[in-house]
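Protein chains: 2
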Amino acid sequence: MIEKVNLREKFALFADRWSPKIAGEVNDTYVKLVKLAGEFVWHKHEAEDEMFLVVKGRLTIKLRDGEVNLDEGEFVIIPRGVEHLPVADEEAHVLLFEPKSVLNTGDVVNERTVADLERV
Amino acid sequence: MIEKVNLREKFALFADRWSPKIAGEVNDTYVKLVKLAGEFVWHKHEAEDEMFLVVKGRLTIKLRDGEVNLDEGEFVIIPRGVEHLPVADEEAHVLLFEPKSVLNTGDVVNERTVADLERV
Numbered sequence: 001m002i003e004k005v006n007l008r009e010k011f012a013l014f015a016d017r018w019s020p021k022i023a024g025e026v027n028d029t030y031v032k033l034v035k036l037a038g039e040f041v042w043h044k045h046e047a048e049d050e051m052f053l054v055v056k057g058r059l060t061i062k063l064r065d066g067e068v069n070l071d072e073g074e075f076v077i078i079p080r081g082v083e084h085l086p087v088a089d090e091e092a093h094v095l096l097f098e099p100k101s102v103l104n105t106g107d108v109v110n111e112r113t114v115a116d117l118e119r120v
Numbered sequence: 001m002i003e004k005v006n007l008r009e010k011f012a013l014f015a016d017r018w019s020p021k022i023a024g025e026v027n028d029t030y031v032k033l034v035k036l037a038g039e040f041v042w043h044k045h046e047a048e049d050e051m052f053l054v055v056k057g058r059l060t061i062k063l064r065d066g067e068v069n070l071d072e073g074e075f076v077i078i079p080r081g082v083e084h085l086p087v088a089d090e091e092a093h094v095l096l097f098e099p100k101s102v103l104n105t106g107d108v109v110n111e112r113t114v115a116d117l118e119r120v
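Sequence lines, in order, name chains A and B.
All residue numbers for the first sequence refer to our numbering, where the first residue is 1 and numbers rise by one.
All residue numbers for the second sequence refer to our numbering, where the first residue is 1 and numbers rise by one.
For the record, the hints were derived by calculation from the structure and aren't laboratory data.
Mixed in with the good hints there might be a few duds.
You can't tell identical chains apart in this list, so a pair holds if it fits in one copy or across any two.
Restricting the straight-line Cα-Cα distance to at most 25 angstroms, the calculated cross-link-like pairs of lysine-lysine (DSS-like) are [stated by the list, open to error]: (1) 62 to 4; (2) 10 to 44; (3) 4 to 56.
Everything numeric in this text was worked out from a predicted model, so none of it was measured.
Make a model of the complete structure from these sequences and hints.
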């Protein structure tokens, strides 16, 4: 059974932040939905590029040598190995594309780490 | 240099239809933008899942046993091996997420096949 996903409806199903939910699988990649607000932790993914597409709100990705400011309908791809810090002044709804192997906090493991992702 | 992509701006840069443009690379996957109108050709991708996210307009993906109707902000993942036929009554702007190995017409090669993709 092939079913479509409505992003707005899916985001309405959860309220917790910084906890990516799996919304689809494309080959070795997960499509994840996440609500972000405030500041995350500096981290990098040694072996995986990561894509952030803003569905609602605004998201800043701080880099060691600058930052990328994303509005709705904008995406950025953070290459493997690049340290980054997602920050959202107000709640942002973000679609992530990343390999199934990715851990949200990358090379850092702390209280923000979510190892077992729920599906939405 | 890490640069963001604004979907609306990118779609404004080209007018040709059924000719996916590469807008980003995430690991072994391309993010492609394509304008669709009318009917494509029935095809399948033997080894690759394919994701369609509608950015503007409406898109129907016909399947041999049904169809999926996508509005803006909706996506569907067509699993490998599943025959499908994209149809858009009016022009639709679609983000595709698929392995770099994917040929647009899958197992069919004809005048709709685009082997060398441009970047946008």
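These are the hints, each one checked on the structure:
Taking the closest pair of Cα atoms, residue 62 and residue 4 come within 25 angstroms of each other only across two copies (13 angstroms); inside a single copy the shortest separation is 33 angstroms, beyond that limit. When the C-alpha separation of residue 10 and residue 44 is checked against a cutoff of 25 angstroms, the pair qualifies neither within a copy, at 27 angstroms, nor between copies, at 28 angstroms. In this assembly of identical chains, residue 4 and residue 56 lie within 25 angstroms of each other by CA distance both inside one copy and across copies; the values are 19 angstroms within and 16 angstroms between.
Violated hints amount to a single one, hint 2; each of the other numbered hints is respected by the structure.
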